[in-house]
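Visitor: Sequence lines, in order, name chains A and B. Going by our numbering, the final residue of the first sequence carries number 91, and the count climbs one at a time with no gaps. Going by our numbering, the final residue of the second sequence carries number 167, and the count climbs one at a time with no gaps.
It is worth saying that the hints were derived from the structure and are not from the lab. A quick note: this is a predicted structure, and the numbers were derived from the prediction, not measured. Where a beta carbon is used, it is the ideal one built from N, C-alpha and C, also for glycine. Certain hints may be false.
[Claimed, not checked] Now the in silico label distances, taken between C-beta atoms and shown as ranges: (1) A/13 with B/12: 30 to 38 Å; (2) A/17 with B/137: 29 to 37 Å; (3) B/109 with A/34: 28 to 36 Å; (4) B/107 with A/42: 16 to 24 Å; (5) B/74 with A/31: 42 to 50 Å.
[Stated by the list, open to error] In silico DSS-like cross-links for lysine-lysine, where the CA-CA straight-line distance does not exceed 25 Å: (6) A/3 with A/27; (7) A/79 with B/48; (8) A/3 with B/141.
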Amino acid sequence: MQKLGEGPATVSELSEPFDMALPSFMKHMRVLEESGLVSSSKSGRVRTCTLEQQKLAAAERWFDEQRALWSSRYENLDKLLEQLQGDDNGS
Amino acid sequence: MAAKLQFDFVVNKEKSTLTVVREFAGPRQLVWDCHTQSTLLDRWFAPKPLSTKTKHMEFREGGYWHYAMITPDGQAYWSRVDYQAIRPIDSYTTLDGFTDETGIVNPDMPRSRWDVTFSDLREHTLVTTVVHYNSPEDVQKVIDMGMKEGMTSTLERLDELLLTLRA
Numbered sequence: 001m002q003k004l005g006e007g008p009a010t011v012s013e014l015s016e017p018f019d020m021a022l023p024s025f026m027k028h029m030r031v032l033e034e035s036g037l038v039s040s041s042k043s044g045r046v047r048t049c050t051l052e053q054q055k056l057a058a059a060e061r062w063f064d065e066q067r068a069l070w071s072s073r074y075e076n077l078d079k080l081l082e083q084l085q086g087d088d089n090g091s
Numbered sequence: 001m002a003a004k005l006q007f008d009f010v011v012n013k014e015k016s017t018l019t020v021v022r023e024f025a026g027p028r029q030l031v032w033d034c035h036t037q038s039t040l041l042d043r044w045f046a047p048k049p050l051s052t053k054t055k056h057m058e059f060r061e062g063g064y065w066h067y068a069m070i071t072p073d074g075q076a077y078w079s080r081v082d083y084q085a086i087r088p089i090d091s092y093t094t095l096d097g098f099t100d101e102t103g104i105v106n107p108d109m110p111r112s113r114w115d116v117t118f119s120d121l122r123e124h125t126l127v128t129t130v131v132h133y134n135s136p137e138d139v140q141k142v143i144d145m146g147m148k149e150g151m152t153s154t155l156e157r158l159d160e161l162l163l164t165l166r167a
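Next up, chain A with everything else stripped away, as it sits in the complex (with noise of 0.2 Å):
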């Protein structure tokens, strides 16, 4: 749990300081993914886990940049809606 809280790790790296068989190992994993504090994506013959807790900040700073992104534009077109209105002849 403490090298997934550095970020994502592949089954193999986080087995490696177990002394433990890899099927063994993939049982304790499969115990905390369905409590839900830990998913895993495969790819090719690749598994890789990652802590939830980091998927929900990453989906909060997503959240946070989206807000931020709507908040930039949106002054944008504040300005434009003044230049329009202020300038009859258009720019």
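Based on the hints, put chain B in the right spot on chain A.
Guide: Only chain B this time, still in chain A's reference frame:
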């Protein structure tokens, strides 16, 4: 800006929607024009410090807007907005999609539906945009892509810029 203009941004994770409500100091027809004419869209749609460039615009049902948001160092992020329903000057519905420069929609990326409505608020105009994704998984895909494409770092610079502007 003299008076404070209303701005609400609401995320609904269960429904996978973003709702943006914003008041503008202008009549409805003018605010509508700014949303539906490419020469005007090019002047405001991309957040600072990005700029907007239109490649194609046909504002009619079945038509589309193909544009890029361009970073100061020249990196272009292409998108396409397909107009599904238009009710001048009340509302329109679009399907948003990630594209490349040719305008072909990336089939691996989720598309979101935008419902944009315009209403009078005294002499001002209220614009409500509801962005619908099909599922929480689709939202996650967009988040993941944002990180991969480096759009996130651009927006983090934007966050910093906004902080300095507020300070």
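Visitor: Now, for every hint given, state plainly whether the structure supports it.
Guide: How the hints compare with the structure:
For the pair residue 13 of chain A and residue 12 of chain B, the supplied restraint of 30 to 38 Å holds, since their beta-carbon distance comes to about 36 Å. For the pair residue 17 of chain A and residue 137 of chain B, the beta carbons lie near 32 Å from each other, so the given range of 29 to 37 Å is met. For the hinted restraint 28 to 36 Å between residue 109 of chain B and residue 34 of chain A, the CB-CB distance of approximately 30 Å keeps it satisfied. Under the hint 16 to 24 Å, the C-beta atoms of residue 107 of chain B and residue 42 of chain A, about 21 Å apart, fit the expected range.
Between residue 74 of chain B and residue 31 of chain A the beta carbons are some 49 Å apart, a value that agrees with the proposed interval 42 to 50 Å. Annotation: proposed proximity of residue 3 of chain A to residue 27 of chain A holds, straight-line Cα distance about 18 Å (limit 25 Å). The straight-line distance between the Cα atoms of residue 79 of chain A and residue 48 of chain B is roughly 13 Å, inside the 25 Å bound, and the hint therefore holds. At most 25 Å may separate the alpha-carbon atoms for a hinted pair to count; residue 3 of chain A and residue 141 of chain B meet this at roughly 24 Å.
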